[in-house]
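Model the full assembly from the supplied sequences, consistent with the hints where possible.
So for the sequence shown, my numbering puts the first residue at 22; every next one is plus one.
Accuracy of the hints is not assured; some may be wrong.
[What the hints assert, rightly or not] In silico DSS-like pairs for lysine-lysine, Cα to Cα no more than 30 Å straight-line: (1) K70 / K80; (2) K79 / K63; (3) K103 / K63; (4) K80 / K103; (5) K103 / K79; (6) K25 / K79; (7) K103 / K25; (8) K63 / K80; (9) K63 / K25.
Hints in this document: simulated from the structure, not taken from any laboratory.
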Amino acid sequence: MALKNYECMFLVDSGRFAVDARGTEEAIGEILNRCGAEVILKMPWQEGKLAYPVDGHKKGLHYLTLFTMDGGQVTELNRLCKLSEVVIRQLLIQHPSQIFNAMVEACREHHAGGTPAAEAPAVF
22 MALKNYECMF LVDSGRFAVD ARGTEEAIGE ILNRCGAEVI LKMPWQEGKL AYPVDGHKKG
82 LHYLTLFTMD GGQVTELNRL CKLSEVVIRQ LLIQHPSQIF NAMVEACREH HAGGTPAAEA
142 PAVF
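This is the structure:
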């Protein structure tokens with residue numbers, strides 16, 4: 022079991038999130054749990070009009086998750102997202118540890134009201 026670091030940006034229905042944020046977050050969490058992922062960070066990222074309609078949706082909410090997971094579970098994660106009524110689309114990116122750790126730190130600082138991510142020093 023080779024654990025790898027992943028960033029996944031889920032696109033969800035912003036109307037559904039506004040009505041039932043907890044339920045939407047739980048649905049995303051259930052997908053990740055079924056794949057054996059250990060969630061490091063999760064947060065709503067950006068809500069707004071989409072550049073083009075996606076499955077009939079003109080608006081959406083981007084929900085950012087950073088987690089570790091066995092690389093063999095990527096296919097299952099994509100399958101569960103396609104079956105989900107909550108997830109419209111997802112983008113999954115595998116990161117090396119150094120970049121992943123810097124992203125986690127920057128997101129936590131930004132979310133906590135610390136140094137804005139745009140002004141944070143680059144870590145190489």
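Verification of the supplied hints:
| no. | hint | verdict |
| --- | --- | --- |
| 1 | K70 / K80 | holds (4 Å) |
| 2 | K79 / K63 | holds (24 Å) |
| 3 | K103 / K63 | holds (20 Å) |
| 4 | K80 / K103 | holds (19 Å) |
| 5 | K103 / K79 | holds (18 Å) |
| 6 | K25 / K79 | violated (33 Å) |
| 7 | K103 / K25 | holds (22 Å) |
| 8 | K63 / K80 | holds (20 Å) |
| 9 | K63 / K25 | holds (17 Å) |
The structure is inconsistent with hint 6 alone, although it conforms to all the rest.
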